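**Q** Sequences listed follow chains U and Y, in order. Under this note's numbering, the residue at position 129 of the first sequence is numbered 119, and the numbers go up by one with no gaps. Going from the second sequence to this note's numbering is simple: count from 1 and add 647.
Because the hints were derived from the structure by calculation, they are not lab data.
Derived lysine to aspartate or glutamate pairs resembling DMTMM-like cross-links, with alpha carbons at most 25 angstroms apart:
id	chain 1	residue 1	chain 2	residue 2
1	U	398	Y	779
2	U	329	U	100
3	U	212	U	248
4	U	350	U	39
5	U	397	Y	779
6	U	397	U	296
7	U	401	U	187
8	U	273	Y	800
9	U	273	Y	779
10	U	397	U	293
11	U	186	U	293
12	U	350	U	141
As the structure is a computational prediction, the values presented were derived from the model and not from experiment.
As a plain string of letters, each chain reads:
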Amino acid sequence: MMQGGPKSISRRTLLGTGAMLGVAAAGLRPAWSADESPIGTFPAGTQGDSVFFGLGCESTGPYSAQGGDMLKGYELAIKHLNENNGLITSITGASKPGILGKKVTYQNADTASNPNNAVQAFSRFISQNKAIMISGSVSSAVAIAAQKLGDREKVIYLAGISGSNETTGVDCQRYGFRACHFAYTAAAALAPVLAKELGTTRKVAYLVPDYTYGRTVLASMKKFTEAKGWKTVTEQLCPLGSTDYSSYLLNMMASGADTLVNICFGADAVNSTKQAAQFGALKQMKLVMPYAAPFFANEVGPDIMEGVYGTTEFWWTLEDHNDKAKQFVTEFNKAYNYKPEWGAHIAYLQTALYARAVEKAGTFRPVEVIKEYEKGEKIDTTIGEVYWRASDHQLVRPVYVIKGKAKKDMKSKDDYYDIVATVPGEQVMPPEGELGCKLGSYT
Amino acid sequence: MTTVFGIPLGLIQAQAFNGLQQGMLLALISAGLTIIYGALGVLNLAHGALYVVGAYAGYLTYAQTGSFLLAIPAAAAASLLAGFVMERLVVRFYYDRPDEDQILVTFGLGIILVEAVRAIFGGQSQNTPTPDWGQGASSLGFLMFPFPWYKIETIAISAALLLAFYLVLYKTKLGLVVRAGIEDAGMVNLLGINVYRIFLIVFGLGAMAAGLAGIINSPITAPTPDVGGRYLVLSFVVIVIGGVGSFPGAVLGGIVAGEIMTLTSLFNPSYSEVMLFAVMALILLLRPQGFFGQAGRA
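Isolated chain Y, as found in the complex:
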């Protein structure tokens, strides 16, 4: 068996594939975060909580109907609605406030959402079983170990959702306005387009991305009220690496982050996250705008 640095090549391949799966999930969450930050300039610290909202809405639907395929749109609807409500009732009053105020208010909203979930469901994790079409594992003909089918399918689902996201952003008029808003919201406003309506939609879309990630990942990581916290932190790292406000940056950054974590675990698993933060620090030093971000952007 061929080895690289003493590690079997097959294991390296398996971890690289694993990194792709984790990375796609992070890409989805981060895509949502990056468009919110890019367009609205708001650092959405409730993003992890929106993941949790999606996960629990999906879990409830799954428990009631037994259909995972129904749970996915349910999660999307719940997180979209949560995003709309948050934006209309609270966040939109903070667009002109300093960054610290925006951070605090989204942080507070996140706590409210998480504690509401905890009050309703309790702290125990909820069992979201793997759907029937996701049972079993396969080595796909080239992997050293069988990889769970469901995880392979999440790569496909995440890719499809990211593609849909891409089509909305780059092929529709709405997407054009959103991207223009990311570049220069003030100018868009001056051009007579109701940029605040756009902000509402962007916030909702970003929230929906997090919620979809929540339900997709639920069979892998059981939903608890606190599960979103870690993804919040990781998605921030991803958008720093990929470039704030950049959709391709979020995708590439997510995949890169996933690969860093899994490949580092080949050498020393306790350093997986350390390595990711080290890379983020390096990027901030050498290329602060990230892979695709624009230099000088706030």
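Just chain U, same shape as in the assembly:
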């Protein structure tokens, strides 16, 4: 038993207080320690020294060329992450190779632009490989299906190319993010240029692939061009992957239209445009490509492309205006021997922005990463300053309006387009809620 001494504490008091403090400490959590509770593939996917990205880029089907380009963009971004390359770290802010020091591994599955294949492949990546992030699409149908899967499985999905309004509209998801421009922003950016350059009293025929992307681009183009005075005279809906467009072209020529708005994408855009040229339809109607596909100019050639207006997400001549763009184009060209198209660019951008969000959040846990995205900080990238809109997970970014160059004006073999307008994102984004987005819960 303790004797004397000023203010001596009895052993019992000491033990009791100590026990109480211990219990309190277990219950209280200091503010700086994050919620580490498991969700989705976290933390299972981050054990060890690497994390896995599940990619779904088409290598077959009408969008296979765009899918191939996109896959190269992902591969370059992942290589840059793992090598701590200066270009990507200027966006991500990472100090160590990888993301949060973990190496990035990946695998690609061919979705063939089929949503069922995509869902199966991504599900496998999630359950077997514990993918911490899934990404990639050229078809909006795939992007929308994959987003829903990501939201169910609590794994972040980043859309690749997705032009439908619905991806950040009625089908938006808490776990989905889209960085490219889309039907609404493309039409909003393009319509003023068309009205100015082609006049306000035009009669338009639309060639529309019959799925979400085609139908929403049609709706947005009609909205913005009819507001300028254009009249829609016919809408020809065709199945994705059609090979012969002669019946649609004949109908369009019979309608008396003087403008042909071709919403087809990928190989469909190439076939329909070439066939339109064969029919002489392009002598009667001016061609507009509201959502120009990667490689389109390359595949139809400058004779058809001359004077054609359209929009694109990225074009390599941006390297003259933006250092990061220049670095990206140079590195890509060095790795793959051609100038990157916008499929590759969006893949690179999405990967870089994801890595940035994880680095800033300090964790791979999706809830924290999503909240980091939703902070909407201004980020300097290959296309200038961009930021995420929290209400629909759409990146607010510029839309490039392009015009096809005449063959004699091309300064090099890839110099197909003049960028006639760079429209800032804020000017063309749909008002919040207009496209019907209601994001779900975080958990």
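Given the coordinates of chain U, work out where chain Y should sit on it, guided by the hints.
**A** This is chain Y only, laid out in the frame that chain U set:
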């Protein structure tokens, strides 16, 4: 202007002519498929891939020589060779196997061919420009719109190839044996004719038909590794409509299919293919052997 159901008569004529062009191409592809199925009993799911082989062989020749006229026999040779190799190395071991095995093996061969093309050429479409003699368009004095010359010429080329096919099948001894083989391969064998040699030739001819269609159609529909898939499906529909194993059935079925698709597009283009499948379903219900097929044929 006279209208029918509110559609200008001139447009109907134009679409009907267009349907003839598409139909002749389908007839050519389907003729190849039908003789393979008729004689060998093998459902050749690699038929679309053989179209692709012809298209790419023709494209390569065109790119090297600048002559479309050379590209056509090159495509024929390449697809004939592909057909021979496929038959000798794989398909002939499956003649006595159940149908499912035959379907799977030809399907697999088709995938191999397509992926080989993709590995060599990549997924982007190849530009096969319209030959000089096909440039421009003409209304031929009666059409509402100028119709591309090249498409008019493909009607002639397809007709000539189908005529050649017909002459081989109906006017030569080889053709006689092939047709006998289509009717009853077992009997032909019993009569002492080497029916397996005939099968090799039939497979090659069928493959060649697909390959020729591939190169002829290339200026219209740019070759990609996957372009054959749609023609495979359509040619199956055509042989169901026309009658399996029947050459005239394939021709008539092809033209009918082309007309159904283009005339439906006058009303609602999204239903063009739906209508074709609906007609196929109707034929299966009412006359399962098709126009010229034989009832009770497997």
